[in-house]
Amino acid sequence: MIAYIVRRLFSTVIVMAVVAFVVFSLLYLTPGDPAAVIAGDIATDEDIRLIHARLGLDEPFLVQFGRWLWALAHGDLGTSIFTNLPVTQLIAQRIEPTVALTVCTLVVSILVAVPLGVVAAAKAGTWLDRAVMSFSVVGFSVPVFVFAYILILTFSVQLDWLPVQGYRNFRDGAWEWLRHLILPSIALGTVYVALIARMTRASMLDVLAQDYIRTAEAKGLAPGQVLIGHALKNAAIPVMTIIGMGVALLISGAIVTETVFALPGVGRLTVDAILRRDYPVIQGVILIFSAVYVLVNLLVDLSYVLFDPRIRY
Amino acid sequence: MSVDAAVPKTISRGDFAMNQRSILLRSISAAIFAASMAAALNASVALAQGQKVLKFIPQADLRILDPITTTAYITRNHGYMIYDTLFATDAKFQVQPQMVDKYEISKDQLTYTFTLRDGLKFHDGAPVRSADCIASIDRWSKRDALGQKMAEVTESWQAVNDKTFTLKLKKPFPLALEALAKPSSNVPFIMPERIAKTDASANITEPIGSGPFKFVKEEWVPGSKVVYVKNNDYVPRKEAPSWAAGGKVVKVDRVEWIYIPDSATAAAAINAGEVDWWEQMPPDLIPVLAKNKSIKVENIDPLGSMGLLRFNFMNPPFNNQKMRQAVLYALDQNDYVLGIAGDAKNGHPCYSYFTCGTPLASEVGAEPLKGKRDFEKAKQLIKEAGYKGEKIVIISATDQPIVHSQSLLTAEMLRKLGLNVELQAGDWGTLITRRTSKEPVDKGGWSIFHTWLVGPDVTSPAVNFAVRGSGQKAWFGWPEDAKIEELRDAWFAATDPAGSKKAADAVQVRAFEFVPYVPTAQFILPTAYRTNLSGVIIAPITLMWNVEKK
Chain A
2 MIAYIVRRLF STVIVMAVVA FVVFSLLYLT PGDPAAVIAG DIATDEDIRL IHARLGLDEP
62 FLVQFGRWLW ALAHGDLGTS IFTNLPVTQL IAQRIEPTVA LTVCTLVVSI LVAVPLGVVA
122 AAKAGTWLDR AVMSFSVVGF SVPVFVFAYI LILTFSVQLD WLPVQGYRNF RDGAWEWLRH
182 LILPSIALGT VYVALIARMT RASMLDVLAQ DYIRTAEAKG LAPGQVLIGH ALKNAAIPVM
242 TIIGMGVALL ISGAIVTETV FALPGVGRLT VDAILRRDYP VIQGVILIFS AVYVLVNLLV
302 DLSYVLFDPR IRY
Chain B
450 MSVDAAVPKT ISRGDFAMNQ RSILLRSISA AIFAASMAAA LNASVALAQG QKVLKFIPQA
510 DLRILDPITT TAYITRNHGY MIYDTLFATD AKFQVQPQMV DKYEISKDQL TYTFTLRDGL
570 KFHDGAPVRS ADCIASIDRW SKRDALGQKM AEVTESWQAV NDKTFTLKLK KPFPLALEAL
630 AKPSSNVPFI MPERIAKTDA SANITEPIGS GPFKFVKEEW VPGSKVVYVK NNDYVPRKEA
690 PSWAAGGKVV KVDRVEWIYI PDSATAAAAI NAGEVDWWEQ MPPDLIPVLA KNKSIKVENI
750 DPLGSMGLLR FNFMNPPFNN QKMRQAVLYA LDQNDYVLGI AGDAKNGHPC YSYFTCGTPL
810 ASEVGAEPLK GKRDFEKAKQ LIKEAGYKGE KIVIISATDQ PIVHSQSLLT AEMLRKLGLN
870 VELQAGDWGT LITRRTSKEP VDKGGWSIFH TWLVGPDVTS PAVNFAVRGS GQKAWFGWPE
930 DAKIEELRDA WFAATDPAGS KKAADAVQVR AFEFVPYVPT AQFILPTAYR TNLSGVIIAP
990 ITLMWNVEKK
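Chains as they are written, first to last, in my numbering: chain A, 2 to 314; chain B, 450 to 999.
A portion of the hints provided could be inaccurate.
Stated by the list, open to error - Only some residues are given here: those of chain B computed to face chain A with a beta carbon under 8 Å:
| no. | residue |
| --- | --- |
| 1 | 508 |
| 2 | 510 |
| 3 | 521 |
| 4 | 568 |
| 5 | 654 |
| 6 | 655 |
| 7 | 674 |
| 8 | 714 |
| 9 | 900 |
| 10 | 911 |
| 11 | 914 |
| 12 | 941 |
| 13 | 986 |
Note that these hints are calculated values from the structure, not bench results. Every residue gets a Cβ at the ideal spot worked out from N, C-alpha and C, and that includes glycine.
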């Protein structure tokens, strides 16, 4: 298993190197010049040229890439062109809301979606199954931002139960922290609930048709025991896989959710950086996202052992 | 991954594994619970009770802290929070001393002597000295167009002592005080000498001024929040506030700029009372907020902003004066007012190259733009220009509604004139990069872009950089016209208000012949604030002193 983890971590480094090169190349080719953005609307060619030279943006591609890579190898993601703050500091400032949002969403989604999928499978073909699947279709089809606005209008503006926007740190109080995450987590989690519920249902239906389930039922186990103790455990592996793959969906959804709910997370940092062509920030954030995605999928692979002890790496 | 079928699946082994997992899960849950309780118990209350906190949604995100390297209005507004100026312009367009206590001008108008007020201190506790003022003005004059003009005639700046300094000129420059009181970008803010010595093209990293608020750098989250606290050491002037002049009396303890990029969320936040003030709201949300009796929607900007359509003089067909004149005859400013401001109440046509409502505004020479729209005349001019169907590329930015609405209107208007128009829309970051290109349109160049400038940036030939005809040194589009430059120089030489007005009229008459750009509308983006706020200053810049929260 250790050899497997080492191999996977090594492949992560290769994946990230490829990501780094592709991202840097794409940004180099993308139209847009941070010097022009910095100089502002009322600038002249000369103003922009001076800023260009100061930032080293007039140097050849390979020189810029080499310099960035060298700094990266030393653990330095660079400095924001606009704020003059280190990219690591900017990401550190923003990581808590994003982690809190994604973890809350993940927890809420799994807690809601798995039971829904199990119930739909157990009651396959009934109105309950159709209702769960209809909810899944709606969850998949309605864009995150539309759902977010509906939630804001209902629970913040009309009922005044929850805040419209913003984030509170956990250290400022657990309840305030949670209050600011409820609506964003629901908005972001809807797609995820739909995805996991559908996958759980499909996987459960597959398992429920197996011989050992019939045996379990035949020896008189309670339906709940059969469903949870025998069927769900064995249906969990495909669900775990889809949860891992869905992290990308979660990250892209977090960007929209953070914008709508004005959460100061890494997603908004990314959007702002792209709009301003703050290259070091874009590169740093995408590298981090790639690393997270690869590592989460590694963890998912390793988690299979928990559900099926026969699995060995 | 492999499945080891050789491992027997026994109940005892499964139970043992289950127990192990359950112990692990219980331990993790216990740790999380303990951490939450500790956090809740140790919850730090960020604000002392009873503090008055003004929560404000700014028009843009504050990214750059240096008001000299950028002309961005959000950075200018940040500058007014933490810096002070030697002079300031008041609501009557008069220059008033601000940090300066008294000043003298020699009879030959070549020597200005300034004495600073008592008690001026920077946020790091150091007193404001003459050397700080001289270094700050020196850095500003390397970047600002009016500052550069003044630098051309400056012989020296000299400190007499820590509180008194002189400006010596090679020849009289009647606009010297106006330059030092320039209300909009770039504003000659005063910084400590050690900071003002920074290269004028490099951003400063220490936001330390002597203004009425202090910047709290530790709480700055770019893209989300900016925090200022009251500067208790600030000594305001005794006069009532008037634009950026007069007493800057701070009536709240803390100001938080909360950047909310999404308009719908911002509207919901002010509706729910989570914020107190929204600086600029899109016109389509005015009716939504107007229904809430706890919110006041107001126009606090007496000058508004001026939309403009800029031609590229490097490419055909608008390198031809008759083509540009044709646009004057076809463009209807009323359409642009509605397109930008949504409602005629929030704007009006302004047939002047200088902000309507300011002393130099006039309609002299404006007949082609002002009269009844004459498409036949426009078509005749296009014919005389020898237009051969060259492609006209309008670059636009869909993330900037003011830019994009103008672009759509212009594209439609030019198509009505039978021109070959292509609207190429991207984002603002792309537009402001692409407009630097002098290439032909088929190689990434452009023919027209739109933008807008705030009223104070267009009040005179000195600050209206878009009207200039200095060729390659001019603003994007690079119009070249020696005559307009001569007339501008003549305006600088004018020594009295009547002479200044006459010279500005001459600049405008030439501008309507040469057409460096077309003014499209004058509009105001209203502000919205909760009714528990009072004392919001009517000014073309958003200023936060004098604002009281109940």
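These are the hints, each one checked on the structure:
no. : hint : in the structure
1   : 508  : violated, 13 Å
2   : 510  : holds, 7 Å
3   : 521  : holds, 4 Å
4   : 568  : violated, 32 Å
5   : 654  : holds, 5 Å
6   : 655  : violated, 10 Å
7   : 674  : holds, 7 Å
8   : 714  : holds, 5 Å
9   : 900  : holds, 6 Å
10  : 911  : violated, 13 Å
11  : 914  : holds, 6 Å
12  : 941  : violated, 19 Å
13  : 986  : violated, 24 Å
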